[in-house]
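Enquirer: Protein chains in written order, with my numbering: chain A, 17 to 130; chain B, 4 to 114.
It is worth saying that the hints were derived from the structure and are not from the lab. Take the hints with a grain of salt, since some may be wrong.
Within a straight-line C-alpha distance of at most 30 angstroms, the following computed DSS-like cross-link-like pairs (lysine-lysine) qualify [to be verified]:
#: 1; chain 1: B; residue 1: K4; chain 2: A; residue 2: K73
#: 2; chain 1: B; residue 1: K71; chain 2: A; residue 2: K94
#: 3; chain 1: A; residue 1: K99; chain 2: B; residue 2: K71
#: 4; chain 1: A; residue 1: K73; chain 2: A; residue 2: K94
#: 5; chain 1: B; residue 1: K4; chain 2: A; residue 2: K94
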Amino acid sequence: EPEVTQTPSHQVTQMGQEVILRCVPISNHLYFYWYRQILGQKVEFLVSFYNNEISEKSEIFDDQFSVERPDGSNFTLKIRSTKLEDSAMYFCASRGTLSGNTIYFGEGSWLTVV
Amino acid sequence: KQEVTQIPAALSVPEGENLVLNCSFTDSAIYNLQWFRQDPGKGLTSLLLIQSSQREQTSGRLNASLDKSSGRSTLYIAASQPGDSATYLCAGGGATNKLIFGTGTLLAVQP
């Protein structure tokens with residue numbers, strides 16, 4: 017069964033460093049998302065991406081965050097200057113029009129900022 | 004602004020019991036309601052999706068219902084097994100399909 021894959025599974029970074037989280041959405045999917053889950057808290061929406069541009073973003077997704085689809089298969093989330101409060105599990109997700117509205121999530125990338 | 008609440012926060016049942024997990028949402032202009040399973044430290048596995056025009060969906064031992072007028076959805080698990088132990092999340096999808104998640108119900112099925 018097709019799946020969303022994410023790398024790295026876990027990353028530890030120094031505060032102030034740049035981090036890039038990578039995702040390979042399900043092939044032929046057209047809508048891409050990033051969510052995050054701080055330990056013990058709800059899963060929160062960050063950003064949605066369609067047709068090579070951001071279609072919606074949350075208040076969390078400030079100027080420190082950016083997304084990119086550099087080629088036909090990858091979808092990345094960049095955090096320019098990480099803060100301690102960016103420590104969380106980051107989930108990539110994708111949706112294809114043919115699959116209705118089901119959104120499929122990856123296994124997540126644990127980011128620990130120290 | 005959509006808010007999603009799940010009750011109970013935690014539930015422990017003996018193996019074989021049927022159980023119901025509850026999800027409520029504040030905005031009835033919901034496009035769909037999706038139920039997920041999350042194992043500790045893992046990703047989100049989609050279980051069932053109910054479109055706003057539907058009343059329920061079934062997959063194996065799972066049945067999810069949606070009542071937009073009352074702002075509620077339930078996930079029914081029949082004949083629970085220890086392997087069902089996980090956190091169950093519901094999420095409401097709006098026009099842009101952005102999902103708003105509840106806090107989840109931590110289910111423990113005792114053998």
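Enquirer: State for each hint whether it applies.
Expert: Hint by hint, here is what the structure shows:
1. B:K4 with A:K73: Given that 30 angstroms is the threshold and the Cα spacing comes to 15 angstroms, the pair holds.
2. B:K71 with A:K94: violated, 37 angstroms
3. A:K99 with B:K71: Violated - the C-alpha atoms of K71 (chain B) and K99 (chain A) are around 40 angstroms apart, more than 30 angstroms.
4. A:K73 with A:K94: holds, 14 angstroms
5. B:K4 with A:K94: Status holds; Cα separation ~28 angstroms.
Checked against the numbered hints given earlier, the structure breaks hints 2 and 3 and satisfies all the rest.
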